[in-house]
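First to last, the protein sequences are chains Z and W. The opening residue of the first sequence carries number 14 in the working numbering; numbering runs sequentially from there. The opening residue of the second sequence carries number 9 in the working numbering; numbering runs sequentially from there.
Mixed in with the good hints, there may be bad ones.
No more than 25 Å apart at the CA atoms, straight line, and that leaves these computed lysine to aspartate or glutamate pairs for DMTMM-like [what the hints assert, rightly or not]:
1) LYS202(W) to ASP616(W)
2) LYS801(W) to GLU359(Z)
3) LYS332(W) to ASP880(W)
4) LYS376(Z) to GLU884(W)
5) LYS376(Z) to ASP866(W)
6) LYS343(Z) to ASP205(Z)
7) LYS1072(W) to GLU907(W)
8) LYS376(Z) to ASP327(W)
9) LYS794(W) to GLU369(Z)
10) LYS801(W) to GLU369(Z)
11) LYS376(Z) to ASP1067(W)
12) LYS376(Z) to GLU877(W)
13) LYS158(W) to GLU180(W)
14) LYS801(W) to GLU371(Z)
15) LYS376(Z) to ASP776(W)
16) LYS1072(W) to GLU371(Z)
FYI, nobody ran anything at the bench for these hints, they're computed from the structure.
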Amino acid sequence: MTRHEASPYATVMDDRQLTGRPIVLAGAGPYGGDLEIPEPLVTGGKKWAEVDRDICMHAEQFPTRKWWIAFAVALSFLGLLVFSLITLFYVGMGIAGVNQPVGWGSFIINFVFWIGIGHAGTLISAVLYLFRQQWRTGINRAAEAMTLFAVACAGIFPIIHLGRAWFAYWLVPYPNARGPLWVNFNSPLAWDIFAISTYGLVSLVFWYVGLLPDLATLRDRATHPWRKALYNAMSFGWNGSNRAWRHYESAYLILAALATPLVFSVHTIVSFDFATSVMPGWHTTIFPPYFVIGAIFSGFAMVITLMTFMRGYFGMKHYITLNHMEAMAKILMLTGMLVGFAYSTEFFMAWYSGSEWEGFIFKNRAFGPYWWAYAIMFTCNAIVPQVFWWKTMRRNTWILFVVSILVNVGMWFERYVIVVTSLHRDFLPSSWGMYALTFWDYAILLGSFGLFFTLFLLFVRFLPVVAISEVKGVMDPKVARSTPTRADAAAPALQEV
Amino acid sequence: MNPNETSARPDEPGLDRREFLRVSGTLAAAGALASAGCQPPPEATVPFHDMPESLVDGMGRARFFHTVIDGSPVLVRTREGRPILVVPSPNDASGRGLSVRHHAALMDLYDPDRAHGPMSVRRGQGAPVASSWSAISAEVVSRLKAAGPKAVLLVGPASSPSLAAVFRGLSERTGLRHVVWSPLESDAAGLAWKQAFGDARVARPRLDKADLILGFGAEFLDRPDDGFERAFSERRSPDQPEGRRMSRFVQLEGRLTLTGANADRRIRVRDSHLAAVAAALAHELVVVRGLGPLAADVEVGRALAPFAIDAVANGTGVDATLLKGLAGELAAGQGRALVVAGGSAGASASGPALELVAVMLNVTIGAFAAGLFDEAAASEAFSGGGAALSTLVAEMTAGQVEMLLVAGVNPVYDAPASLKFAEALAKVPFVVSLNDRLDETSLLADVLAPVSHPFECWGDVSLPNGLEAIQQPVIQPLFDTRGLLDVLVDWGTAAGDTAALAAVTAAAAAATTVPVPATAAPVPSPSVAYHYLRAAWAARFGMEPASPAFDAAWNEVLRSGAWRAPAAHAAMAVQGLAPAGAAAGATSATTAGATAGTTSAAAPRRVDPAQLARFTVPPPTTEGLELQLYPHLALWDGRAGNNGWLHEFPDPITRISWGGALSIAPRRFDEMQLANGDLVEVDAGHATLVAPAYRHAGMHDNQVALPLGLGRASCGAIGAGVGPNAFPLRRLHTDGRLLSAGLPVTIRKVGGSEPLAFAQGSDVIDRDRRPLVPATTLTAYEQDRKAGTEQQKGGPSAWPEHDYPAARWAMAIDLSRCTGCGKCVIACQAENNIPVVGHRGILDGREMSWIRIDRYYDAPRKDGRWDAEVWDGPLEVVEEPQTLFEPMLCQHCENAPCESVCPFVATMHSADGLNQQIYNRCTGTRYCANNCPFKVRRFNFFEYSTAQESAFFRWLVPRIARNAELNTRAPMQMKNNPEVTVRSRGVMEKCSFCIQRIRAATSEATREGRTKDHFPDGAVVPACMEACPAGAITFGDVNAPGSRVAALAAHPRAMRLLDALGVKPSVSYLTKVRHDKA
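Please put together the full structure from these sequences, using the hints given.
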């Protein structure tokens, strides 16, 4: 093998050239042996200037027809959400499928589902940052945005599932004139308020701090004075000075350290909503780790879904490469196996505890009237991700996309199984019942996706979807520093891909 | 700062802040009013026009009035002039009971679909138009005079002496005839007793005295107004006083009835075989064993000859050894055993034979001689309804009836199809309906003269045990209606009846001298019926009507609720509605000097053996399928078809609400591959009916059953079209009786299904895995008094114990006494303003009842047989079900799981042991309901208390329109108890242990300066306990020394559910003890 004169990264023009294995530089080692270097995180021999252009161009040009179509669809589902909520608030909780004995239904399922999805972003940006996983740079911005939007979606549900949602603010403990009416700190629902609001707030700050240099880039590239002024204000007058960078890096590190425990605390506390009850199927100590793992699992699946779109429709293949996708596939498989392990442990514990109630609930989960929900959950979450034992599968974006969708279907059903099957047949056989989603349940579920995608589409339209400054930091300077040609620098018109 | 301290500073000069706000607020309000067209906002309240001064001292307190409804004495609780609760009359000596429909009578009173005034209906030709009483009366009277004996009054059975007198007066003056039609009464018992004793009065079995009760289709618990519950339940507790043992009850029946569900041993025999099986027992006792006075009689022997046990066992498929065992039990129980027959099976072709053989058995085992029949409470069984109606129909068809007055009956709805009543009605030139609404019959009438609800008008009634009672109104008529007695007195006057005339004169005189109600004196009633009654009762008392002595006596009857006729006047009471007979159940006492609650002083009945031998029973075959039509436990004959409470009341056995279904035996059901709700066509030859199928546990394989009283076509918005109408399937027997059992039918699946609204999840309980209902057998109980209460014990609690410094409220429910009748459910609904959710609401699992009666079929595993499928009711469990009833309500747990999970502290534990729900704080997370192991919390999924007016949303979500129809149409809200908050949507609610009554008792103790620390028994009686005829519910202060509830809570039979969870309920369940199966 020949010695590379220039950086070997310059030759990787397409992510299909990536193998997922290190590049071996024969005889390049310090003692004459082979040198293994990781494959580049950015392909296409990109120059720094091109990075700016590639990423900023989506915010700078009139959106494509595909964006408009996607936005129109998302917006109409958002409209459905608004209409459904008006109906819900006017008519009452009765339009949803909840009943006695299943007092919680799709709203709580959706809440746990969305808050779970909201876990991946912070995990990627904070935990992987602390562990110096450089591949996170390609995906962290979008993943964090996803987190925020998912938390926004999740935040709706605990409020709208209340019988009298207009009194939801009573949950906030502040000195008031209602008695004063204080919250019950024994109740895990009160803990939720703190957990979710803290998580949402820290994620927002973390995301925004990361955005500052890139907003400044957008500002610098802006030609219209209003646009310049807006991005200037949003970037807090970032000037790229050494001092600014030093403060920025410290703040980012501190926020990462703050956000990391939240990744674990939020879903732990959400799991307490169930675990502190007396209901068989809920009252179990495995719930906190089980929920956290499930959340990471579903969050990564959602990241994969979104990244597939971004690679395909936004031409981000050079920044979100197959190597990124493969790394996420590995995490998906690992967490999938952990989730499967949790499912099995629950069965073991139900048997080992000797509790009649517990034993029945689990038998009923798997073989009772909701066996299909359990089957969907188990297949999608524990079996389907096993395809990632094969590297070809991990690098096949179609497989990845399908699996990521299936995992999220499975994770929605996991919450369905936990909420519905535990409640529908509890202690007294006389009060057993069934639960089914109504039109309004479906409308609100779809509407929450409408909200999520509306926000996400606005995000890709107005903000840099990849962390420009961070990506630049992981590029090979030998390749990226050279001046781009005139043709490279001229922004091409957005193409329909 | 003390939050109660106000910041008003009146000594400050000028306009202070509060004053400013007050003035500006008033101005703003005035402005708003002015802009709204100077109209005050519409109000939906029902205020007093003139507050009677007498109510001032009664502020905040309920007033109670004795009155009578359907021949049952009741006590009506009123607040601010509105009846709000119907409870059994305390210390009532008549022996009558209340059924759920009496408890629910308030909904009939406040039914918005009643006719609001007289109407000209014009036989459905065009819409009915409003008319007036004067116009109708003028027309009716002139036609009455013209028609003479060609005018017929068709009435229901009534036992009112005054009504009977008015009927007599009218018929004497005008020739008006009257015909009595009662759709549900079976004539069998009356016929049999008349044949046996020459006296059609049927004596009342004394269930409290019998050690062994053998029922042949007996339905004494299914006919709750007969009032057998107390006597039966008293002997069903295993803890009997010295010298008495828990009674044993064996029931033979085809359909699992409420009565049969309470049996120790239940043997499935189809209705048409009951007579043969009874005869087989008689054969064994009389012929084989030679017992009793009939043993020597040759004719009896000859009559019983074909009924040797083995032959009958072959013909019916009933186990011969079982029958021999029963015969042995009867033989051993001579003088202590009782045979009760009848029920729905009495209305089969062999019904009179069954009743006759039952008499024979009772004679043989000496039940009459031992005083096991109460002659004082003997009642003349109604007879001849079917025959009388068919004669009338023939006359109508032949044009011999010029004018028909229909009062309180609805034959277009409930006459057998073969009679073609509607066609005959079309041939009558003038038809007047005196029903309360535009029902099926009224719609085909010329005019509707709507009668008042019994709570709105005067009347009187004869009760068993020689009692007479006055039906006094408890509210002014809500609409332009009049009492039946008022109407008939009015018409009688016009016809020249002197008694009626006198009453009208007296009423007119009273009306002119009405004083201005400036004092607390009661306002004289303008009701003519009132004056008619007073005159009649004055004659009865032998007093002058205007005398103060009579006023005192009259008031005393009103105050105490009933009057016992001295022997001299007893004869008066018998003048019922001859020749048709007095009403079933409600009746005439004749035995002079009889006192209630004691055995009759009359000599034991003399029986003619020759007559007893005259019965025919067709030889039993195992072929074919037969239909039983039984009255719906709540809706009865369907007259209360627009009562939402009754529709929502789940049948105690089938647990179906809002409709009914064809009950099919589990084996046949499975063979036909049906699912509950699948539509099945019943072909009875002369009529067919399509009804949803139901897998009825304990049903005989060759029998199916349908409830009557459903399927009203026209009764109002609430009940119209609910369920199938099975009345047309009935058949007229050759002897004129109406047959509603033993009807040969075929059934077939027709495709399609109709969802059945079940108020219960699984039917079956495996008590070995889920020890949630304490139950055991008598032998086990006698060995170990704690038998049946075994459950996993809870560990130590991490929660600090509650401190109960004074009273602690608790309840004990004796499952051995509870018959599962469900009156507590309706009483609770009325007391606590519980809304009706409708068929859809039940289907969706949104029932609101605070107390429910869980009905389980007992399937203890013991040998590890069951798997998950036990919940689907395997044949071996449901073919011979052991039924358990368990009233379930909030358990007011000491460590309530609902309390810790509510983030708003909307539910909390009180210092006197109540788990309180604070509606104002509740925002409806429903976590408490999820975390309640007993699933007794109820959520307001919709706004039930006020109508949601938006036309758009009513269109979008039609259920809210239906909810409004069921709950919020005026004057329905008047039923609401002002002491209980009406809940809005989005809040959780549940049993409060009737906290309003607890707090009222506390206030009263405070007012009277008594201790509030402890309360004696009876100081607080929740609505469920008040309604329970069986005495199964005991409530009280468990900390009060010597309280009954404390004794019961400490009883070895007491079990607090789910101890392993550590929730520590305040409700104790006492073991259901059964006799061993053998």
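Holds or violated: LYS801(W) to GLU369(Z), with C-alpha atoms at most 25 Å apart = It holds: about 13 Å lies between the C-alpha atoms, which stays within 25 Å.
key: Restraint check for LYS376(Z) with GLU877(W), where alpha carbons must lie at most 25 Å apart   = holds (11 Å)
query = Given the hint that LYS332(W) pairs with ASP880(W), does the C-alpha gap stay at or below 25 Å?
reply = violated (34 Å)
query = Holds or violated: are the alpha carbons of LYS202(W) and ASP616(W) at most 25 Å from each other?
reply = holds (11 Å)
ask   = Given the hint that LYS801(W) pairs with GLU359(Z), does the C-alpha gap stay at or below 25 Å?
value = Judged against 25 Å, a Cα distance of about 24 Å means the pair holds.
ask   = Under the criterion that the straight-line Cα-Cα distance not exceed 25 Å, is the pair LYS1072(W), GLU907(W) satisfied?
value = Distance of about 13 Å is within 25 Å: holds.
ask   = Is it true that the CA of LYS376(Z) sits at most 25 Å from the CA of GLU884(W)?
value = holds (23 Å)
key: Hinted pair LYS376(Z) and ASP327(W), Cα distance within 25 Å   = violated (40 Å)
message = Next pair to validate is LYS343(Z) with ASP205(Z); report whether the Cα-Cα distance is within 25 Å.
response = violated (31 Å)
request  = With a cut-off of 25 Å on the C-alpha distance, tell me whether LYS794(W) and GLU369(Z) pass.
outcome  = Given pair LYS794(W), GLU369(Z) holds - Cα atoms ~22 Å apart, limit 25 Å.
Hinted pair LYS1072(W) and GLU371(Z), Cα distance within 25 Å = holds (20 Å)
Given hint ASP1067(W) paired with LYS376(Z) - CA-CA distance at most 25 Å = holds (23 Å)
Violated hints, in rising order: 3, 6, 8; the structure is consistent with all others.
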